[in-house]
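Undergrad: Sequence:
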Amino acid sequence: AKSVSKCYVQVTGMTCASCVANIERNLRREDGIHSILVALMAGKAEVRYNPAVIQPPAIAELIRELGFGATVMENCGEGDGILDLVVRGMTSAACVHKIESTLMKTNGVLYCSVALATNKAHIKYDPEIIGPRDIIQVIKNLGFTTTLVKKDRSASHLDHRQEIRQWRRSFFVSLAFCIPVMAMMIYMMVMDSQLSDAHKHHNMSDEEMEAIHSSMFLERQLLPGLSVMNFLSFLLCVPVQMFGGWHFYIQAYKALKHRTANMDVLIVLATSIAFVYSFVILLVAMAEKAKANPVTFFDTPPMLLAFISLGRWLEHVAKGKTSEALARLISLQATEATIVTLGPDNILLSEEQVDVELVQRGDIVKVVPGGKFPVDGRVIEGHSMVDESLITGEAMPVTKKPGNTVIAGSINQNGSLLISATHVGADTTLSQIVKLVEEAQTSKAPIQQFADKLSGYFVPFIVVVSVVTLFAWIIIGFVDFEIVEKYFLVTEVIIRFAFQASITVLCIACPCSLGLA
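Following the UniProt record's numbering, the numbering of the sequence shown begins with 1 at its first residue and continues without gaps.
Heads up, a few of these hints could be off.
As the list claims (entries may be wrong) - Keeping only pairs whose Cα atoms sit at most 30 Å apart, straight-line, the calculated DSS-like set for lysine-lysine is:
#, residue 1, residue 2
1, Lys372, Lys44
2, Lys44, Lys401
3, Lys105, Lys124
4, Lys200, Lys140
5, Lys124, Lys44
6, Lys435, Lys372
7, Lys401, Lys124
8, Lys98, Lys140
9, Lys435, Lys453
10, Lys291, Lys124
11, Lys291, Lys319
12, Lys44, Lys150
13, Lys366, Lys124
14, Lys291, Lys44
15, Lys200, Lys257
What the hints assert, rightly or not - Have a look at the derived ranges for each label pair, beta carbon to beta carbon:
#, residue 1, residue 2, range
16, Lys254, Arg29, 24 to 32 Å
17, Phe243, Lys291, 51 to 59 Å
18, Phe172, Lys291, 33 to 41 Å
19, Pro180, Thr147, 58 to 66 Å
20, Gln251, Pro402, 53 to 61 Å
21, Ala21, Lys254, 46 to 54 Å
22, Asn22, Gly143, 28 to 36 Å
If you are wondering where the hints come from, they were derived from the structure by calculation, not from laboratory data.
Positions of the beta carbon are idealized from the N, C-alpha and C atoms, including for glycine.
Make the full structure from the sequences, and use the hints.
TA: Right, dumping it as structure tokens:
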């Protein structure tokens, strides 16, 4: 018997089914090649060849001559089939051993492990030699019952509904409290500018200015040192800090636990410091029964958290759109297939309904009018029109006659067809598309990885800058201030100003374009 080896070639530059047909047709003519099977979506060709006549590099060269890119894939383990089963009826380790040893002796089974505790069996096999139905039959013959481990077809791991809900809630909570804070701030700014204009035109004394200023409703003091404005701002800021920022705190804590710093850490730092600082300043002012109202930063956290929650919400909505499309794609897959046994002259001997996962390569599958093709295959018998719009987007049905290829998930229209399965399970065009979209969703764009890496350095850098700012202003204040003035008051003014400067650095850097983008 001639020895047959198998190799995989990565093929690039294929655009449609005619490219596939072109490669298959030309390579079949070559000496030493027994069979070739090309998967368009995976960009992969599986070639069975006679190593005495031809070698994989030569096969790749033949494909290159046809005008495609081709490289031999080293790890040939990709062609292994994997089967996960639930096995019922096992009572002891002896049963486990019996199943494992019998399967390992079976030709085509490469690896097998059975867990008694979970009743599960994990089997790797060579789809060329043996298929899932044969393996299940072997286990049944030993007296155990088996069922397939049901795959989750709903793409629920790509469901962003919960995140969308969470960020939407977070945004609206922040927004509800952010609007009044902004309104008060704008009102104060407008009033201040009007007052300063009046000051210029009417030559009022500073005392009169102060009197007018403090008579404004928002500047009135409820308690000594506590103005209406600051009190309201504080009340509005607390819920935002608690509920709006809750998620950021959790994320930041996780990041710090792993000794990394991400954007969440910066957001939490900026909002917390602004909040705590303002709160402390208020307490100090109240303790001193200050006449002038202190400058607080209660407006920072609600505005920051509102903007960033909005960004996150939009991001998850966009991701959710992709996932929806993917879930729809997955739902197009057929769940069952009708496998037929053919006698001489293609006479139907028997047919049975099986799960799609149990269809083996080379099986003859019957597809009735209106049925979905469960696997990719080649028509052996019958004529029909097929709607392939799920892959091609072409609404006109395509004629299929013996020798034509069909795509899993497409719909057979008027004639009954018998097809021979060429790509099954995870190798079908539809599964490959789903896999590609999943990979695209879960992998980060290079620029995004770069941004994440940057933010790792960016956060500590900003924190250092703001600390430097704090001390720089304290030093400048002490060196340059007329020290003759009241010493205690001066210290307070300088430290307060230095704090303002350093918090400003934090708050400006926090929703930076990098984080929001």
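Undergrad: Each hint needs a verdict: does it hold in this structure or not?
TA: Against the structure, the hints:
1. Lys372 <-> Lys44: 25 Å, holds
2. Lys44 <-> Lys401: Judged against 30 Å, a Cα distance of about 25 Å means the pair holds.
3. Lys105 <-> Lys124: 13 Å, holds
4. Lys200 <-> Lys140: 98 Å, violated
5. Lys124 <-> Lys44: Holds. Lys124 to Lys44 sits at ~20 Å (cutoff 30 Å).
6. Lys435 <-> Lys372: 20 Å, holds
7. Lys401 <-> Lys124: 35 Å, violated
8. Lys98 <-> Lys140: 12 Å, holds
9. Lys435 <-> Lys453: The given pair, whose Cα atoms are some 27 Å apart, holds under the 30 Å limit.
10. Lys291 <-> Lys124: 80 Å, violated
11. Lys291 <-> Lys319: 53 Å, violated
12. Lys44 <-> Lys150: Status holds; Cα separation ~27 Å.
13. Lys366 <-> Lys124: 27 Å, holds
14. Lys291 <-> Lys44: Violated - the C-alpha atoms of Lys44 and Lys291 are around 79 Å apart, more than 30 Å.
15. Lys200 <-> Lys257: Given that 30 Å is the threshold and the Cα spacing comes to 55 Å, the pair is violated.
16. Lys254 <-> Arg29: 24 to 32 Å: 60 Å, violated
17. Phe243 <-> Lys291: 51 to 59 Å: Between Phe243 and Lys291, where Cβ atoms are some 35 Å apart, the hint is violated.
18. Phe172 <-> Lys291: 33 to 41 Å: 39 Å, holds
19. Pro180 <-> Thr147: 58 to 66 Å: 60 Å, holds
20. Gln251 <-> Pro402: 53 to 61 Å: About 59 Å separates the Cβ atoms of Gln251 and Pro402, which means 53 to 61 Å holds.
21. Ala21 <-> Lys254: 46 to 54 Å: Because 52 Å falls inside the window, the suggested range holds.
22. Asn22 <-> Gly143: 28 to 36 Å: Violated, at about 50 Å.
Figure legend: structure checked against the earlier numbered hints; hints not met, in rising order: 4, 7, 10, 11, 14, 15, 16, 17 and 22.
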